[in-house]
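Trainee: Chain R is already provided as a structure; the job is to place chain L on it using the hints.
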Amino acid sequence: MKVPGLGVVSRMPGLSAVPLVVRTVTAPAVETVTSYAVVARGLLDQLLDQLIADVVGRVDVDQIVGEVDFDQVLDKLDMTQIVLTRVDLEAVVDKVLTGMDEESLSALLEKVDVNSIARRLDIDAILDQMDLTDVVLKRVDLVKVVDTVLAQLDMIALANEIIDGVDLPEIIRDSTGSMASETVKGVRMQGIGADQAVDRAIDRLLLRRTRAPGSAGS
Amino acid sequence: MDDEAAADATHAKISPIPREARPYQGQRAGLVTRVIAAVLDSLVIGAVLLGGYLGLVGLIFLFNPRSFQFPDLGVVFSLAAAFVVAVVYLTVFWTLSGRTYGQHVMGLRVLGIGGRRLRITGAFLRAMFVVVVPVGIVWIPLSRNNKSLQDLVLGTRVVYDWEPRLAPAGAMEAVAGADEVS
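Top line first, the protein sequences correspond to chains R and L.
Position in the first sequence (from 1) plus 937 gives the number in the numbering used here.
Position in the second sequence (from 1) plus 259 gives the number in the numbering used here.
If we strip away everything but chain R, and leave its shape as in the complex, we get (with noise of 0.2 Å):
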């Protein structure tokens, strides 16, 4: 044990025996004193913990939470930060993900605006940056298509059409054509015009209404 100013005087000159003296006489008191010390610490955890018991049984713990203005702890709070710093957003999302089944998934799915997500797409750059042709050229299946062209196609049709837009006629006649057809052309041709004069003369000293160009007997 411990006693204030014994260092000093022990010390001093002649007073060397001074601490151990003081010893002796105070250390029964001391003892005594260090006993009751430990009781009294014993009988106040006791009390301490009887205190706390007769505090929470008194105390209505749902009502103070009741009375909590929990929108107001949130506000303070910063949720999104807290969330993405504490919560493994991977795991949770793979959970989900896990645990859906086609239905829910097809719900979902009909909540999507698919047309509008497609709308946004570039189509023009996405197209600019594949090669269709090599893909048509691996992929398509070429003479089945030609073949569906070809079978609705009237072939007849458009041969008739090229050899009308070609003249073909024409042609044949110019170039096995004699002088004699050509006369003949020309002969014929002179005749409309001259009946077409006729009829206008004819008409017009009839004073009938004249006949429109190229409708003599229509």
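Heads up, some of the hints might be wrong.
Stated by the list, open to error - So the derived list for chain L, only partly shown, Cβ under 10 Å to chain R, looks like this:
1. L290
2. M365
3. P393
4. G395
5. I399
Stated by the list, open to error - Below are the SDA-like pairs computed for lysine to any residue, each with C-alpha atoms no more than 25 Å apart in a straight line:
6. R:K1048 <-> R:L1064
7. R:K1122 <-> L:R378
8. R:K1122 <-> L:V364
9. R:K1122 <-> L:V316
10. R:K1122 <-> L:S301
11. R:K1122 <-> L:L408
12. R:K1032 <-> R:K1013
13. R:K1122 <-> L:S326
14. R:K1122 <-> L:L315
15. R:K1032 <-> R:A1044
16. R:K1122 <-> L:S274
17. R:K1122 <-> L:P282
18. R:K1122 <-> R:L1105
19. R:K1122 <-> L:P275
20. R:K1122 <-> L:I276
21. R:K1122 <-> L:A280
22. R:K1122 <-> L:L355
23. R:K1122 <-> L:R278
In short, the hints are calculated from the structure, not lab data.
If you're wondering where the values come from, they're calculated on a predicted model, not measured in any experiment.
The beta carbon of each residue, even a glycine, is placed where N, CA and C say it ideally should be.
Mentor: Below, chain L alone, put in the same frame as chain R:
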């Protein structure tokens, strides 16, 4: 049946007729072309008569060369011969091809009622009428539909038709229908 009709329609699309003449096809021919055709036919008939006469002369010469003389057949016989040749000529050609040589040159065709080729009776009647009253052709310019007297009476018509063959009756009927409307 439908296929045949389609084939016919397809065939009709390719026309050997020059472009400039196509709009006139099926329209009733006027006075000038028909007069020229008639003149050409007259020449043909004259040539046939002349050929017949020369043949007759040749026969006479063969049988009696010594006292050979050009026979005088008389006006009546000549006219009768010309009448018969003309009627036969016109009847045969109108029945077979719908046009005489003169009409072939001028690109004309004679059509009966409904745009069909004349039957032998119709062709014969028209031939008789044309030969007896050739002046009936003068009615063409006076008629609004370019009808000669014969056409008016017999219901026939003469149209521009440069096609080598007579088109299907349907095609010509369409033209006939248009004619009737106007």
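Trainee: Does each hint hold? Answer for all of them.
Mentor: Against the structure, the hints come out as follows:
Checking L:L290 against chain R by beta carbon gives a least distance of about 5 Å; that is within 10 Å, so the hint holds. Given hint, L:M365 at the interface with chain R, holds; its Cβ is 5 Å from that chain's nearest Cβ, closer than 10 Å. For the restraint placing L:P393 at the interface with chain R, the shortest Cβ-Cβ distance is roughly 18 Å, beyond the 10 Å limit, so the hint is violated. Hint status for L:G395: violated, given a least beta-carbon distance of 16 Å to chain R, over 10 Å.
At its closest, the beta carbon of L:I399 sits 9 Å from a beta carbon of chain R; the interface hint therefore holds under the 10 Å criterion. Between the alpha carbons of R:K1048 and R:L1064 the distance comes to roughly 28 Å, so the proposed pair goes past 25 Å and is violated. For the suggested pair R:K1122 and L:R378, the alpha carbons sit about 29 Å apart, so the restraint of at most 25 Å is broken. For the given pair, R:K1122 sits about 9 Å from L:V364 by alpha-carbon distance, which is consistent with the 25 Å threshold.
At most 25 Å may separate the alpha-carbon atoms for a hinted pair to count; R:K1122 and L:V316 exceed this at roughly 39 Å. With a C-alpha separation of about 21 Å, the suggested pairing of R:K1122 with L:S301 holds against the 25 Å cut-off. As the CA atoms of R:K1122 and L:L408 are separated by approximately 28 Å, the hinted pair breaks the 25 Å bound. Distance restraint check for R:K1032 and R:K1013: the Cα-Cα separation of roughly 30 Å exceeds the 25 Å cut-off, and the hinted pair is therefore not satisfied.
Our distance criterion of 25 Å between C-alpha atoms is broken by R:K1122 and L:S326, whose separation comes to about 51 Å. For the given pair, R:K1122 sits about 38 Å from L:L315 by alpha-carbon distance, which is inconsistent with the 25 Å threshold. Annotation: proposed proximity of R:K1032 to R:A1044 holds, straight-line Cα distance about 18 Å (limit 25 Å). Annotation: proposed proximity of R:K1122 to L:S274 holds, straight-line Cα distance about 15 Å (limit 25 Å).
Distance hint between R:K1122 and L:P282 is fulfilled; the C-alpha atoms sit about 14 Å from each other, no more than 25 Å. Between R:K1122 and R:L1105, the direct Cα distance comes to roughly 17 Å. Compliance with the 25 Å bound is thereby established for this hinted pair. Taken as a hint, the R:K1122 and L:P275 pair is honoured in the structure, with Cα atoms around 12 Å apart against an allowance of 25 Å. Taking the CA atoms of R:K1122 and L:I276, the gap is about 9 Å. The hint holds against a cut of 25 Å.
Between R:K1122 and L:A280 the alpha-carbon distance is near 9 Å, which keeps this suggested pair within the 25 Å criterion. For the hint linking R:K1122 to L:L355, the alpha-carbon distance of about 23 Å falls within 25 Å, and the restraint holds. Restraint check for R:K1122 and L:R278: satisfied, since their Cα atoms lie roughly 11 Å apart, inside the 25 Å limit.
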